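Undergrad: Sequence:
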Amino acid sequence: MAKRTAVCGVIGLAMAAGVAMAQGNPYVAANLGGVADWMRSHEFADIAKQSRGFAPVNTPWDGVIPLDDTGHPLDDAGLYIMCCQPTDTDQGLGGIYRFSFTCNGTETPRFRGFDSSGQLRSYERNPLTERVEGEWFFPTNGDRLLMSFYKTIGGLRDMKIMRPGTTDDQVFMPRFVDSLRQFGAIRFMPWTKTNNSTAVRWTDRSTIEDASYRWRTGVPYELCVDLCNELHRDMWINVPHLADDEFVNKLAILIRDRLDPGLNVYVEYSNEVWNFMFDQASWNYDQGVLEAQNPSSILRYDGVTDADTMRHRRIAKRTVEIGQQFADAFGPGSMNTRVRPVLAAQFGATWQFEKMLSFIDGAYGPAKDRIYSIAVAPYISMGGADVRTLTSSEVLDALQGMLDRLPTSYQYEHLATMTAWHGLKPFIAYEGGPDTTGSANVNAKRDANYDPRMGEICTQYLRQWYEAGGGLFMWFHAGSGSWINDNGSWSLTEALPLGSPKQSALLAMSQQPVPAVSAGTSFPGLVDARKHLNRNPDWQTREREQMGSNDTRDYLVRVDQPGEYRVRVRAVAHVPTTSIWMGVNGQQLGTVTITNDGSAQQAVPQWWGDLTANFNAGLNAIRLRTVSGYEFSMWELGSGCDGIDFNRNGVFPEDQDVVDFFNVLAGGSCPEGWACDIDFNNNGVFPEDQDVIDFFRVLAGGSCN
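Start counting the sequence shown at 20; every next residue gets the next number (the numbering used here).
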């Protein structure tokens, strides 16, 4: 227990400081966990809002009874308010809970507390307000609270159970709010009960007056907005998959009118509509097939009608439609600024994005005009290591192993290349974090969460994401819950005052600048033609890259200074004439023709093409596609000249760049971070006088021949 107490002290100080802290990395963001009586985030001042909802009076833990349209009972009823709280940790739950409600008649209904922790202090009908009022003392180490009410004469209404020290008009608990201040945005998917939602019409949503926020659409949308306003953080909303147009329009108007004008809203169609664990996936599949039966359906704009393509296209279609409805509500100029539609798919199945983005491009026009970015859930799991005899150290080894394998899977590179090609903002994690799901070794997994190595893994995990070009990372999830759980140790902590290495890692990352992007090949410069997006793990053992008829190759490059650069290819054709199409960031550059007349000169690699393109600062995508001829081999892609910030210190032009260039040209050492490329004009010949001439021409503001 000493280990956990030490963590508590560090986090407690950090959270206290977090109230007024300035966030260095706004891309560290979080999901909220679900609202439930057994959870430990304790979000609401009125604890009835996290209750299970009213149930049979003699079994408040289970059963269904008639309710009114706010979830209040029409007859005698019980309420399971809180359970499964840790008895060895002070969560600030101890004290007097003030409860009150209205009911018919003049008598005070009979009360029963079952085996609740604590005791009833007072209970009577207030003759002035006609409300039934009571006080329940809950001990610091209490674990459950239940209440039942008999002889109510038609049920009860307007139930409130206010926590110790709160006021009647208070909504959120300060400790919960403060725990979220480190995050740059909040995703409300679990809060609003997105998965398996049955909400169709606007009247199906939850309202502030509801007895519990465990039914319908969960926490009311109004309170989701209010929490973002209190935190001054961007909002991420998930629109129910069955929601009709009126629902979407009224939700957009509600957020527009209530959200602070300086905040933005990320808009997602449901949650994981690709995942058949949830009702929304099967429903969307059926709808895609049904809609495609209409010859005029936009889903089959190009004649394709297979069911798998239709289900993915329909996800894209609804994302575009919902995003447009929000943008229409927010007004001109809001699309992809304040309103940020996000297209989500399965991590590791980037072909889903290819289907959806190409559909948007073909059916609606450029995807960059319709969606803000794409999103995945890059969880790190234990894989097949979850066996009965696993120790906490082996749990961490398994997570570390998957983390180490992530870069070699090229998944991040695929995402970065797609976002660059389609002109989207950096790819997003709609969820993410360590996944310890499974019934084996629950105690070992819990111990692993308290090990400092878990914090190191989380730090490496986030740093790897940002360095790969990732943007907003919505951790799953903020808040507290038990880690003695077959369903995984998702929460950041087991109790808000305790903290954890995970919490420390995220807090530290949120206070630092966003790690610099290191993905892609530095450009302008030489790009190894073998290092394309779909390369095999042994790509470096091959002498050259070969392309056959109708082959495509994508390359991710990193540009420090935006501008116009030349693109050409050093290659050999194996037939008399081969033509390749070249494009950058979705824009066609032109076609390059490579010839081979059988001469000895054309049997060796030569530079072909002299096309120019505008490159953005950051990550860019270059695409080659053979359009005629059978096969050619290429050794590398090239540009015009390298940048003149030779030493990569961010200052240019400067004399030191000249000194460093000549030092390396003369054979001097190259410190880490320098360009170190003395083939300045990228003609494949070095060292040579022309590199020096071209370096000074560009340094003086001239062009690169």
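Just to be clear, a hint being listed does not mean it is correct.
No more than 25 angstroms apart at the CA atoms, straight line, and that leaves these computed lysine-lysine pairs for BS3-like [what the hints assert, rightly or not]:
| no. | residue 1 | residue 2 |
| --- | --- | --- |
| 1 | Lys550 | Lys374 |
| 2 | Lys444 | Lys550 |
| 3 | Lys374 | Lys387 |
| 4 | Lys374 | Lys444 |
| 5 | Lys269 | Lys179 |
Calculated from the structure, these hints are not laboratory results. As the structure is a prediction and not an experimental result, all values here were calculated from the model.
Undergrad: The structure should be examined with respect to each hint, and the outcome stated for every one.
TA: Status of the hints after comparison with the structure:
Under the criterion of a C-alpha separation no larger than 25 angstroms, the hint pairing Lys550 with Lys374 is consistent with the structure, at around 24 angstroms. The hinted pair formed by Lys444 and Lys550 meets the criterion: a straight-line CA distance of about 23 angstroms does not exceed 25 angstroms. Proximity of Lys374 to Lys387 is assessed by CA-CA distance (about 15 angstroms); at most 25 angstroms being required, the pair is judged to hold. Annotation: proposed proximity of Lys374 to Lys444 holds, straight-line Cα distance about 19 angstroms (limit 25 angstroms).
In summary, the hint linking Lys269 to Lys179 is not supported, as the alpha carbons are separated by about 28 angstroms, beyond the 25 angstroms threshold.
Violated hints amount to a single one, hint 5; each of the other numbered hints is respected by the structure.
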